[in-house]
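Student: Going down the list, the protein sequences come from chains A and B.
Mind the numbering: the first sequence is residues 1 to 260 in the numbering used here, read in order.
Mind the numbering: the second sequence is residues 1 to 408 in the numbering used here, read in order.
It is worth saying that the hints were derived from the structure and are not from the lab.
Even glycine gets a Cβ: it sits at the ideal position worked out from N, Cα and C.
Any given hint might turn out to be false.
Stated by the list, open to error - Which bits of chain B does chain A cover? Going by a derived footprint, with three or more residues having C-beta under 8 angstroms, they are:
{"no.": "1", "segment": "74-81"}
{"no.": "2", "segment": "176-189"}
{"no.": "3", "segment": "308-317"}
Claimed, not checked - Examples of chain B residues toward chain A, derived with CB under 8 angstroms:
{"no.": "4", "residue": "L40"}
{"no.": "5", "residue": "M42"}
{"no.": "6", "residue": "P44"}
{"no.": "7", "residue": "G51"}
{"no.": "8", "residue": "I93"}
{"no.": "9", "residue": "T161"}
{"no.": "10", "residue": "F167"}
{"no.": "11", "residue": "E171"}
{"no.": "12", "residue": "R305"}
{"no.": "13", "residue": "Y365"}
{"no.": "14", "residue": "G404"}
Stated by the list, open to error - A few chain B residues that don't get close to chain A, going by computed Cβ distances all over 12 angstroms:
{"no.": "15", "residue": "L37"}
{"no.": "16", "residue": "R54"}
{"no.": "17", "residue": "R168"}
{"no.": "18", "residue": "W203"}
{"no.": "19", "residue": "D212"}
{"no.": "20", "residue": "S216"}
{"no.": "21", "residue": "E244"}
{"no.": "22", "residue": "G250"}
{"no.": "23", "residue": "E278"}
{"no.": "24", "residue": "R298"}
{"no.": "25", "residue": "K326"}
{"no.": "26", "residue": "N327"}
{"no.": "27", "residue": "T329"}
{"no.": "28", "residue": "E335"}
{"no.": "29", "residue": "G350"}
{"no.": "30", "residue": "I354"}
So the chains spell out like this:
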Amino acid sequence: MAVDESDRNYEHPLYSMPGLSVAATSVDKLLTWGATNSLWVFAMATSCCGIELMATAASRVDADRMGTIIRGTPRQCDVMVVAGTITVKMAPRVLKLWEQMPEPKWCIAMGSCAISGDFYRDIYSVIPGIDTAIPVDVYIPGCPPNPEQLMAGLIRLQEKVRAVRGGEWAPKDERPETEAMQKTAPSIPRLLSAERSPDVTLAQLLGAGNLGLGGALNRAADAPPLAAPQETSDAITTQAPTETSEGAVESPSEDEHADA
Amino acid sequence: MSASSAARPSSAAPASAARLGVDPHRDLSDYDPEADLMVLNMGPQHPSTHGVFRLKLHLDGETIVRAVPYVGYLHRGVEKLLEELTFVQATPIVDKNDYVSPMTNEQAINMAFEALLGIEVPRRARYMRTLFAEMQRIASHLLWLSTFGIDMGGALGGGTTLFMHCFREREWILDLFELVTGARFHYNTHTIGGNRHDIPAGWAKQVHTTLDLIASRIDEYLELSTTNSIFVARTRGVGILPKELALELGITGPILRASGVDHDLRRDAPFHAYDEIEVKVQTEPDGDCLSRALVRVREMKESIRLSKLLVDGIPEGPICGARPIKNPTQFKAKEGQAYVALETPRGELGTYVIGGGKNKAASPYRLKIRPPSLHALSALPYLLPGHSISDTVVILGSLDPIMGEADR
Ligand code: SF4
Chain A
1 MAVDESDRNY
11 EHPLYSMPGL
21 SVAATSVDKL
31 LTWGATNSLW
41 VFAMATSCCG
51 IELMATAASR
61 VDADRMGTII
71 RGTPRQCDVM
81 VVAGTITVKM
91 APRVLKLWEQ
101 MPEPKWCIAM
111 GSCAISGDFY
121 RDIYSVIPGI
131 DTAIPVDVYI
141 PGCPPNPEQL
151 MAGLIRLQEK
161 VRAVRGGEWA
171 PKDERPETEA
181 MQKTAPSIPR
191 LLSAERSPDV
201 TLAQLLGAGN
211 LGLGGALNRA
221 ADAPPLAAPQ
231 ETSDAITTQA
241 PTETSEGAVE
251 SPSEDEHADA
Chain B
1 MSASSAARPS
11 SAAPASAARL
21 GVDPHRDLSD
31 YDPEADLMVL
41 NMGPQHPSTH
51 GVFRLKLHLD
61 GETIVRAVPY
71 VGYLHRGVEK
81 LLEELTFVQA
91 TPIVDKNDYV
101 SPMTNEQAIN
111 MAFEALLGIE
121 VPRRARYMRT
131 LFAEMQRIAS
141 HLLWLSTFGI
151 DMGGALGGGT
161 TLFMHCFRER
171 EWILDLFELV
181 TGARFHYNTH
191 TIGGNRHDIP
201 AGWAKQVHTT
211 LDLIASRIDE
221 YLELSTTNSI
231 FVARTRGVGI
241 LPKELALELG
251 ITGPILRASG
261 VDHDLRRDAP
271 FHAYDEIEVK
281 VQTEPDGDCL
291 SRALVRVREM
301 KESIRLSKLL
311 VDGIPEGPIC
321 GARPIKNPTQ
331 FKAKEGQAYV
341 ALETPRGELG
351 TYVIGGGKNK
361 AASPYRLKIR
371 PPSLHALSAL
381 PYLLPGHSIS
391 DTVVILGSLD
401 PIMGEADR
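Start from the sequences, fold in the hints, and give me the full structure.
Tutor: What follows is the structure in structure tokens.
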């Protein structure tokens, strides 16, 4: 969950092979060309934006011509396009799928739901933006964005990929938020944000675990498991576990809280 | 018990009795859990689950013994959200419920509010709403056909052939909507008392041209599917939903009609312009996946016929009966309640609304949406047992669920 940008400069193993250093530049150019023009998309299509994502892959706009194909499994993909509302129940699964994608990987937040939660951001079951959970490279605002906008986003991502592979520092894209949204904090603080009451986070995580999430949140293996919130003053209490076979849910470590 | 006894029904005469032995809450204790059954989780992120939906399959080899559906991965608290907003603000929110046919969602919520507030809709607006609903039905069924083509694993010539073709036609309909409303989908064009956007000049002619073209293409798809032996082999006799079970589960729409029940709210409880035109209801007796496919494809043709009638018959007049909306709290409801049900591409979409009374006059006190997709999904535990894994996606696809409205 920590957004660590330092290892996102991808170095191909070819670089370390002796004798290849002269050819490396042209080989690297070739590899960069290949990488930018074969961005395979893992469609994290949960709702309406997913339909526009399908339309982008379909006949009129045809993302195929940029080498962008939608694949059904995260293991074959370079880009995760988060298209749609991510709920508290779904977010750990998104994380799990994100982890299954091989490096180097990128993420596009498509639509205002994925960016900020849209008008559902105050709803108890919706997380206010996917960038509270995974690092986002390109934001595409709209509800839903047109297929053309998604294509523009993919081109923006290609630029970024080219820059990163060329050793440049690709600045982080700004999260497009209106002023009004910046002024009003969401009534549910963002998952993993520092202001968020740890009790509520824990309750949600445990609640997610009870819904059968299993090991999705067991990422911070060395973080001590949090105790069940018995003595919290908060009104939110967790339900009794319904699926005991699933793994215990642990919380992310403290420094990750600060990062997000 | 061996699972092979629950073989696929034979292709010739689909016997509804094949299903009636299935108990979705079956006790599986006669299976040794370690040795016999494998539990396979399908979803929540799976290309064939049409959204985020999880299916827990208990398998004996390739055969499904028991299926447990899990919903709620897209629960966005829409009903709660609508209680916080005013009547005027509700339309763009419900667009996102059934995001494959937003027009009928807008229609449903506004009809419920109009019934609660006692507002009349002018005739022109009623015609326009009906026309939009019929065109939306074509677009929605086209999207269903395209994804069904993918679910069938390329039975219709290559994995995404049908997908590409149907999306081409769907885009044309979205173009027509874009000309009226300015949006590809999530139109926000219905409002309390009528419509927001009037039809531009020359639009009717474009509708005719487009629909003629789509009609010829749909004939092609019908022929393509019914003469394709792989398509027929994978759908005929698969996932038989008997009439009684469908009625018991509250299933409506094309799925119910494919099980041989002649029920369509457009004809049986006409709303808007449906009492002035005659809807030919499409039914099929068998209740298998092929019937559901045929009903939907024929409904598309019927919708094309209706749309052409409607676009020619749009009368002159105002498009909105109420005062133009100046502020969101303009409409105040007395205490009271209203229930409106209408036929969407997926079945009966019911909206139940309670007026707020004194303290909360401008927004609903309570709002409940009855989504047809949720009821359709409730048939899965009955339909799946006895079939193989490869039939799962076909059966699920034939139910055409939209998780946005099932989970709300
Ligand atoms: S941004 Fe709009 S279109 Fe996209 S998923 Fe959210 S509500 Fe649907």
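Student: Now, for every hint given, state plainly whether the structure supports it.
Tutor: A quick look at each hint next to the structure:
{"no.": "1", "hint": "74-81", "in the structure": "holds (count 6)"}
{"no.": "2", "hint": "176-189", "in the structure": "holds (count 3)"}
{"no.": "3", "hint": "308-317", "in the structure": "violated (count 0)"}
{"no.": "4", "hint": "L40", "in the structure": "violated (14 angstroms)"}
{"no.": "5", "hint": "M42", "in the structure": "violated (12 angstroms)"}
{"no.": "6", "hint": "P44", "in the structure": "holds (6 angstroms)"}
{"no.": "7", "hint": "G51", "in the structure": "holds (7 angstroms)"}
{"no.": "8", "hint": "I93", "in the structure": "holds (7 angstroms)"}
{"no.": "9", "hint": "T161", "in the structure": "violated (10 angstroms)"}
{"no.": "10", "hint": "F167", "in the structure": "holds (3 angstroms)"}
{"no.": "11", "hint": "E171", "in the structure": "holds (5 angstroms)"}
{"no.": "12", "hint": "R305", "in the structure": "violated (26 angstroms)"}
{"no.": "13", "hint": "Y365", "in the structure": "violated (19 angstroms)"}
{"no.": "14", "hint": "G404", "in the structure": "holds (5 angstroms)"}
{"no.": "15", "hint": "L37", "in the structure": "holds (14 angstroms)"}
{"no.": "16", "hint": "R54", "in the structure": "violated (8 angstroms)"}
{"no.": "17", "hint": "R168", "in the structure": "violated (5 angstroms)"}
{"no.": "18", "hint": "W203", "in the structure": "holds (20 angstroms)"}
{"no.": "19", "hint": "D212", "in the structure": "holds (20 angstroms)"}
{"no.": "20", "hint": "S216", "in the structure": "holds (17 angstroms)"}
{"no.": "21", "hint": "E244", "in the structure": "holds (32 angstroms)"}
{"no.": "22", "hint": "G250", "in the structure": "holds (24 angstroms)"}
{"no.": "23", "hint": "E278", "in the structure": "holds (32 angstroms)"}
{"no.": "24", "hint": "R298", "in the structure": "holds (24 angstroms)"}
{"no.": "25", "hint": "K326", "in the structure": "holds (21 angstroms)"}
{"no.": "26", "hint": "N327", "in the structure": "holds (18 angstroms)"}
{"no.": "27", "hint": "T329", "in the structure": "holds (18 angstroms)"}
{"no.": "28", "hint": "E335", "in the structure": "holds (27 angstroms)"}
{"no.": "29", "hint": "G350", "in the structure": "holds (21 angstroms)"}
{"no.": "30", "hint": "I354", "in the structure": "holds (20 angstroms)"}
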